[in-house]
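Student: So for the sequence shown, the numbering used here puts the first residue at 453; every next one is plus one.
I should point out that these hints are in silico values taken from the structure, not numbers from a laboratory. All C-beta atoms in this analysis are idealised placements derived from N, C-alpha and C, irrespective of residue type, glycine included. One or more hints might be untrue.
[Unchecked claim] Label-pair restraints from in silico Cβ distances:
#, residue 1, residue 2, range
1, Ser-624, Asp-526, 36 to 42 Å
2, Asp-633, Pro-671, 45 to 51 Å
3, Ala-709, Pro-560, 52 to 58 Å
4, Glu-639, Val-589, 28 to 34 Å
5, Gly-573, Ala-607, 23 to 29 Å
6, Thr-701, Asp-633, 33 to 39 Å
7, Glu-639, Asn-524, 44 to 50 Å
[Unchecked claim] Each computed EDC-like pair below joins lysine to aspartate or glutamate, with the alpha-carbon atoms no more than 20 Å apart:
#, residue 1, residue 2
8, Lys-467, Asp-492
9, Lys-681, Glu-648
10, Lys-805, Asp-688
11, Lys-805, Glu-786
12, Lys-737, Asp-772
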Amino acid sequence: MEYFINGVGIISPQKTFDNDVFLNDISVYPNNVLRCITPDFKNFINPIQLRRLSRMLRIGLTASKICLTDANIDRPTGIITATGYGFLEETEKFLTELLERREKQLTPTYFMQGTYNALAGLVALSMKCTGYNNTFVSKGFAFENALQDAMLQLADDPGGNFLVGAFDEAASVQYKTGMRDKYYKSEWVQNLDLFESKTIGTLQGEGAAFFNIATYPSPRTWCQLTDLKMVYSPTDAKELSEELKSFLTVNNITPNAVDVWINGVSGDIERDYLLTNIENSVLQKTPQLRHKHLSGEYCTAVSFALWLGASILKKQFIPDVVKVPTLAFPQVLETVLIINQYMSKNYSFLLLKRH
Numbered sequence: 453m454e455y456f457i458n459g460v461g462i463i464s465p466q467k468t469f470d471n472d473v474f475l476n477d478i479s480v481y482p483n484n485v486l487r488c489i490t491p492d493f494k495n496f497i498n499p500i501q502l503r504r505l506s507r508m509l510r511i512g513l514t515a516s517k518i519c520l521t522d523a524n525i526d527r528p529t530g531i532i533t534a535t536g537y538g539f540l541e542e543t544e545k546f547l548t549e550l551l552e553r554r555e556k557q558l559t560p561t562y563f564m565q566g567t568y569n570a571l572a573g574l575v576a577l578s579m580k581c582t583g584y585n586n587t588f589v590s591k592g593f594a595f596e597n598a599l600q601d602a603m604l605q606l607a608d609d610p611g612g613n614f615l616v617g618a619f620d621e622a623a624s625v626q627y628k629t630g631m632r633d634k635y636y637k638s639e640w641v642q643n644l645d646l647f648e649s650k651t652i653g654t655l656q657g658e659g660a661a662f663f664n665i666a667t668y669p670s671p672r673t674w675c676q677l678t679d680l681k682m683v684y685s686p687t688d689a690k691e692l693s694e695e696l697k698s699f700l701t702v703n704n705i706t707p708n709a710v711d712v713w714i715n716g717v718s719g720d721i722e723r724d725y726l727l728t729n730i731e732n733s734v735l736q737k738t739p740q741l742r743h744k745h746l747s748g749e750y751c752t753a754v755s756f757a758l759w760l761g762a763s764i765l766k767k768q769f770i771p772d773v774v775k776v777p778t779l780a781f782p783q784v785l786e787t788v789l790i791i792n793q794y795m796s797k798n799y800s801f802l803l804l805k806r807h
């Protein structure tokens, strides 16, 4: 069965909320935290409702509305969201108040807006969608599981269309915890210099991205989502390479036939080693792109890569800021392969084709 991305809406640390603009003006961050650049929320959300929403709910709801407007759809068949850690800032506020007030007279808003499925419920209420509604909270595989769920739902209901989204925030409490585990760099690194720093750790990022997925194309189709595969904690480079070769063989394509691939390396010299091996072996002759110097690293950062791949196939243009200029890039782009890794445990392959 074929799956098509018919609409996209994304808010990220770059100016991506306008689908008519494609990485024209790059945002530079001098520290190790990349936070979302947001549009004017009043253009998308009622001001009365707006004042009641947390920052991340505003971002997520706006991204979903941009997506449905782009797809020219009022109401999807179902809504599926994905997150690694949910709304940590709201959860932190609730727990802090819980301790300070000794569990008495607590504000319910922090708890309600801190649950994992708060965004999926808010989007459904805003669009009056009473269909399938699910949220995946599976760390580095959350978005891949959401995509897979949408594909399974569409196999049962080929006439439907699903709004599939991902969100994660750059919460300070997560940054502090990540620093203890050496997830983030101990020295300050400008985001555009990320891949020149040969040290442990990466940059903290965040974002919210939504995609309208259906089994039929439309005049607004961005690309075809051909297949995806997840590989958990491969033992060595050989295992990951074999998994990739198998994935490409199943989809009747050779490594040399892939026009470009989006490398999910995060600038972490320790956790990138398996993808570095792929870069120097299986995909040695395939032009390469990178994106985590623009998005930062977070559980669902692969959603930024999906937006990047879909944009490249639709617009037939590759911004210089994502290119790794070691090989010549083809003039016509038909196939994009995404290989993502999160903390060297969660690896995924996504194959996109031009429609």
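Student: For each hint, tell me whether it holds in the structure or not.
Tutor: Results of checking the hints against the structure:
| no. | hint | result |
| --- | --- | --- |
| 1 | Ser-624 <-> Asp-526: 36 to 42 Å | 38 Å, holds |
| 2 | Asp-633 <-> Pro-671: 45 to 51 Å | 47 Å, holds |
| 3 | Ala-709 <-> Pro-560: 52 to 58 Å | 55 Å, holds |
| 4 | Glu-639 <-> Val-589: 28 to 34 Å | 32 Å, holds |
| 5 | Gly-573 <-> Ala-607: 23 to 29 Å | 25 Å, holds |
| 6 | Thr-701 <-> Asp-633: 33 to 39 Å | 36 Å, holds |
| 7 | Glu-639 <-> Asn-524: 44 to 50 Å | 47 Å, holds |
| 8 | Lys-467 <-> Asp-492 | 12 Å, holds |
| 9 | Lys-681 <-> Glu-648 | 30 Å, violated |
| 10 | Lys-805 <-> Asp-688 | 29 Å, violated |
| 11 | Lys-805 <-> Glu-786 | 6 Å, holds |
| 12 | Lys-737 <-> Asp-772 | 19 Å, holds |
Hint compliance for this structure: hints 9, 10 are not met, and every other hint is.
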